[in-house]
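With the hints as your guide, set chain V onto chain G.
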Amino acid sequence: MGKIPLFTCPSDGFSYWIVCLIVARLDIVMTRHSLLAPTSLLFTALLIPLAGRAEVDFVHQVVPILKKHCSECHGGEEAKGGFSINTRDLFLDDETAAPGDAAGSYFLELINETDPDMQMPPEKKPRVAPEHVEILKQWVNEGMKWEPGFTFGVPTYEPLLKPRRPELPAVTEGRTNPVDRFIDHYLAENKLERPAPIDDSTFLRRSSLDLIGLVPTAEEATSFLNDKSPDKRTKYVNDLLGREVSYADHWLTFWNDLLRNDYTGTGFITGGRTQISRWLYDALKTNEPFDAMTRELIAPGSGESDGFIKGITWRGEVSAGQTVPIQFSQSISQSFLGINMKCASCHDSFIDRWKLSEAYGLAAIYAETPLEIHRCDKPVGETAKASWLFPEIGQVDAAAPRPERLKQLAELIVHPENGRTTRTIVNRLWGQLMGRGIVHPLDAMQTEPWHIDLLDYLASDFQEHGYDLKHTLALIATSSAYQSRAEVSLKEDDGGDYTYRGPRAKRLTAEQFVDLLWTLTGTAPKAFDAPVVRGVSNPEEEASSTHPSTWIWSSSASAGPVPGGEKILARRLFTPAKALRSAGVVAAADNSFSLYLNGQLLASGNDWSALTAAPAFVKNGANTLLLVAENGTASPNPAGAYAALRLIYEDGSDEIITTDATWEVSAKVPAGGNVAKWELDKLAWEKAVPVSLAAWSGAIDPQIGKVLAAVSAGAPLMVRAGLVKSDFLMRSLGRPNRDQIVTSRPNELTTLEAIDLSNDATVSKALEAGAAKLVTALGKTPDRLIDELYLSTLTRLPSEDERAVLREVLGENPEPQTVADLTWSLWMMPEYFLVR
Amino acid sequence: MDASFDPSAPEPIIRRDFLKKLSAAGAAAWMSGEPQLVRGKDLEQPEAKADACILLWLAGGMAAPETFDPKRYEPFKVGMPVASVLSTFPAINTSVDGLQICEGMENIAKIMDRGTLIRSAVQPDLGSILHSRHQYHWHTGYVPPQTVACPHLGSWMARVLGPKNPVMPPFINIGQRLEGVGEKEELKAFTTAGFFGSEYGPMNLPFPEEAAKSVQPPEGMTSARFANRDKLYRRLVDQSPHRDYASDYQQASLLRSMDNAYRLLGSEERRAFNLNEEPAEVRAKYDTSRFGRGCLLARRLVENGARFVEVTTEYVPFLHFDTHAEGHTTLARLHSEIDKPIAQLILDLEERGLLDRTLVIIASEFSRDAMIEGKPGSKAGDQAAHKGDTITEMKHYGLHRHFTGGTSVAMFGGGVKKGFVYGKTADERPLIAVENPVTVAEIHATIMTAMGVSPKTEFLIEGRPFYVTEDGKGTPVMEVFG
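Protein chains in written order, with this note's numbering: chain G, 2 to 837; chain V, 757 to 1238.
So that you can see chain V by itself, here it is in the shape it has in the complex:
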């Protein structure tokens, strides 16, 4: 760091006391009708069990039978019937008696005693499977299309709970590129604060190893010059004959945003964005992939007061968890990418005493199956590349269809029970949830309850109520809390 750059927060330009008291909220006063919190105050808010949340998003449809919910294992044989494939990985024991997950996730197996595994999450039948639509649903709680732009879960937290540390952006989104990838427009549609306005939107960090750049002076500018530029700016604002507008709300809010930006860019917390500040041996534990490095970044951000962080394996059509072919081989690689970092994240948070107050969620838009597209009875068109009844090549071996009838969601910390399993899927195809099915609205209600927000929390948008969980009807799965 440049020694001449004073990292202390800059002197705010706004001097009038009443303006200082204005919160960053209200910046959303736009669209045709400002969102107003309707009755958050009248509602009985649950006691917060967590004050930060990390969503580990295994984008593209994580096959539960290949990860957290192993079924009968059938090794690859040329000519084997597709119908015989339930799991392509054998099950392994975990630190919880009687709980098994898939081979390849040995490190996660060791930490299963720290959290709750929901095995009965279900998704609606949307007619045709489109990843981005299900992802929109999962991230906003509302099935697209909607007549208004719905906010991301992280934006709900940013809006309702605000930043945990005022310097830190409350909603940070790691690992997803929004340009140059398929379905990018659809991804943008939910990677947004929607009707709350962009103050509550995500800070997008597609490449964790470059995150530091987002909070540094522009490339080629020294910290000293950056600090001087700010000083010059402040002098010019002071000199402006339009200074007499200083009492104006709009001007004040603009100056405040500049203050906030410079405060972060000059803060100690900005170092949280720099993975190189982590000792090499710690970095090595996470350095399996972009996702792994994202997990490390998430830990550093939460340690420094981030409210909501999402880390994704990245959704790119037909890549990563979106296995339309080569399912087994791809999953073996993905296991190695996610296993160590996820386990290390939980252990690190625990060691730092943060796990109890940080809710970590592992989820995906739906599961996969070797035979069924959607769920039994669904009219969803088959999108598998290989349509034969038998498997003749290794590339056909895997779960290549999208399955919405039952999948796993893991939760750690944030007051959830330790070593607990909730819900169950069938042991034979169709592998649907046969016990305690949990909808997306209920997952949302559970997450928000853990964060101390009533699922009925409601805002008035264009005169209509919009709730933190779909229509305010999400009920938390209270059984998962200790």
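One chain only, chain G, in its complex shape:
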């Protein structure tokens, strides 16, 4: 028995939907039928949807018929008998068809002709089925509606696959950066004015936001603005790119979007999804070459990077177009090749050249079992053969085992003769920095670039420099083109013809806005959600932090597996032995935990195989560590929790406190969200029971040294928005829900966002906090306060006019409220909100 299609196929070719509706109705009817046997209902039900279909749908009904019977000889470059159906105008040429008049349309006459010498299609070809003739007739009678822009012609543009190294145009006016040599030539050729260079303060702000996601501090700004050396901009770009942690913090967002990686979201709750955060962050921190990253993502050597190809396993049945292998096909195509495989994973695409068999070919590389090809959710009776999209540079061996197939695919994607991958990634980098791709949209690499030589140069240069992402970023950021005034555009980009007139301004991303808010007001949270290791590695510290994990539970673990859902509270009181420099914790639990220090949440997690880390703010004197742990699932199973706190003293010595028998455990966990208010002394405490499991220590022990060393060393870095789960404000500002791959962020501010920014409690609290600090520090010297505020928000000093307004508003003794309002006003200015 059929079932109601789960699937959405907006571009179906063969009236599949009629079939589906019938099948769907049959489902209901047959169910009923077998039970109640109201035979007449069968016919009623079948007739409703058909009678409801008023107008013929050109794309879904007419195009497939014309494709099947006509376009081979009368479409594309073929125009037998001088007749082409490429466009509606061509179709109507010589009165071959008469819109509104099927009887008077010559082409229908020929289709209905029985004389073998006259009939169309010609004698040896299959006839057009009578029901299809009816559709064509109806279409003509309804005026031959045509999809705007649709053509049977071959696409006018087919990008080159192989890399190409174009010749560099001559240098003009000493502008030697290759980007400038292309752009200067382009501007001259198109008789366009060269956009004016930006001043130091604009450059400083733009490059810092683009490369590490933060605005420079007031001190940094002052020192840069006062620096007289001629190469200070290039030095600054290199300096920014050299800040491994800040760079990784910022670019993690770009990659999370591109690889739909997140710390929470659909699928995680059911175990249908895996993060790649730790691996990804490390790759960025160490500037792993892009080809190596690609290999690890497509043919993962470990569980650290396999989340991307594993996609999302949804609960319940999903359409054939959303199975995990098909997700693989779509994601690989979009992220690495700039190909939209979503149409072709349902049927041969109508908008580009990709075919169903190609979408399934890619999927079959991933599939562990034979993959049946489905067309619009219906099996076509063929099994997909593992293959990739550009066989001209090699092919995947369909007979090889899966890990081998994945490896072969990865090698093809980063094949030296594959210029598609390199063009796709450099175009994305260009888009990030310049506000619009050389090919636009970024995910449609089949589109003609506005400067093919520039794109090809950047791609081959990227390849020649060992797929070094930072190299390309530096190349762009040090160009005069990048350091030019942003284009002033009078209208929204409609995706139509584009002429380069300078970089495009970008709106601050949600993460950038929140990072700035935290930086300027000192209100960043103390812990973050991404299971990543921040800080730069230090082998000595790592050795000193390394120890085998020790796990505990309550006495209920002594009797074997712990009841599902059991929750315990563990505590450890301690007093630092000497003056402290810094401290940090790591923890993990089977199945979940929250770790508190003196009533404040430090970290929480629900993955026993991955450490969660957080810096800790330990007091002098008595401190209390509290660990709430919960065993998951319904039936009894092993449970354990591990935590380690590393204290680094002023004299350089250190001490590690880990979960062991010295901890106390309570089987009762107090209710109420405010942990600081728990009455701990009223609980019944027992000695913690050490527990162990090879799987726990196997997964956790190798991570401890590196993570604990990084988290406990030195001044804790400010938590960055990209490392925490999305919240109300970030969602409002356009951080995407990463169920799908979304590679560009909103470029404007919406009304609802403006409302949130005007009255959101988090924003206004942060403003008050920041203002209070500023007034305490500089309240006595309003002029310095004004300078500081302008430098730290807009990276420039106020003009004389501005200063006059501010003096008037602030007066001699600035009130924190007024400073808060002033800060808000600066934040809402387009100058602040746009990276221009």
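Treat the hints as calculated values from the structure; they're not laboratory data. Where is the CB? At the ideal position from N, CA and C, for every residue including glycine. There may be inaccurate statements among the hints.
[Unchecked claim] A partial selection of chain G residues facing chain V, derived with a Cβ cut-off under 10 Å: (1) His61; (2) Glu114; (3) Ser759; (4) Leu835.
[Said to hold, decoys possible] Lysine to aspartate or glutamate pairs mimicking EDC-like chemistry, simulated, CA-CA at most 16 Å apart: (5) V:Lys969 / G:Glu132; (6) V:Lys944 / G:Asp728; (7) G:Lys146 / V:Glu975; (8) G:Lys379 / G:Glu318; (9) G:Lys579 / G:Asp655; (10) G:Lys386 / G:Glu405; (11) G:Lys766 / V:Glu975; (12) G:Lys69 / G:Glu132; (13) G:Lys311 / G:Glu369; (14) G:Lys146 / G:Asp90; (15) G:Lys726 / V:Glu935; (16) V:Lys987 / G:Glu809; (17) V:Lys866 / V:Asp1095; (18) G:Lys471 / G:Glu289; (19) V:Lys1135 / G:Glu318; (20) V:Lys805 / V:Glu1235; (21) V:Lys1174 / V:Glu800; (22) V:Lys1151 / V:Glu1082; (23) V:Lys920 / V:Glu1059; (24) G:Lys774 / G:Glu789; (25) G:Lys236 / G:Glu221.
Positioned in the frame of chain G, the structure of chain V alone reads:
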């Protein structure tokens, strides 16, 4: 209200005429390919019967046999067979001859002559019942997962119809928390404008009694200070040396959004968000629950020009209409929470002359049954807590399984027939739709038709057509219109 705060709309910063003409639309120019309305203009749009829409969402699976479609009533007895339970409430008469609904909904019974009851809504079999998946389907018209983020019904209206009153956010979503509840990620996945971009997204008001806060200055800030802050902002924008970018599209759109925000926050309409402005005796009529207060808020918002308002009883796994146990007791409570406010909403809209132009829909993701999970023949796993054949305790008495074979959707106002019943479910188990089954796509097509939008209205997303009803194939149930 602070007397010094001038509620009149602020002077727009954008002075150039051509910029003023830009609509808020276009803000969605993002993602990899801007959504473009494909052929809305070529399509014949139906004549609008309504210009506002209120969706009353009984989240968690409203058992039709316990609400709008009573079946044979079997009172609780220890040891009664589960199979004997069809309805746990007796039927009562309504203002429509021959139409009965369940006891506990006496007020709704009195207004059934104002609307149409569809008793034959059906849902697809998605393999395993997951509320949020069915809710996603109902709210977007598309079964998840999808390769793009699909917009909520309210976002479709916001995008296609725009705001009714330019000051009012076109899509307001009342009563659903999106943090701190189970399946929250799944809820967020459809509580969104998806590929249209957040300009068309919902204004979320999880607590109706706190709605006023969303359109007020931040806590602790007086209206005077709020107004002054805006003035300061405007002065600084004027003074900025970057003022010469004023002709820039991006800058203009940013300033326009700030204008819009301040316009709402300084408008008369913002008072619509404040339930305390309603007389105490009126508030009392709605004050049964968060949902009841949400109904009152919805009325006030629609009176002030909101386009689409959803009020939900809130989806929280295993709570409210998601009755895996204690079904009868819970439904008795829910009746008392929804009965008066729903009836009062209809009566109030009618009294104000708004009902004819406001389509009110009562719906849920599916129905419930005492025996069947999914629909007959479905492979969906049984999720009922009590699996015995007999009922030994009161907590087992109720409809504790998810049923997708036939449920009720009520519609009032907006041009639908009055006192009309469409479709029918069987009188004995399985209680499937046996007459005029109506799919989610057809419900959507009916709603959009009432709103004057062709079900075939289509946008191009990443080069692919996406329609206002699933694949553009939804056909309206024209029989429900008068």
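Inset, instruction - Identify every previously stated hint that the structure contradicts and give their numbers, smallest first. - result: 2, 5, 7 and 21
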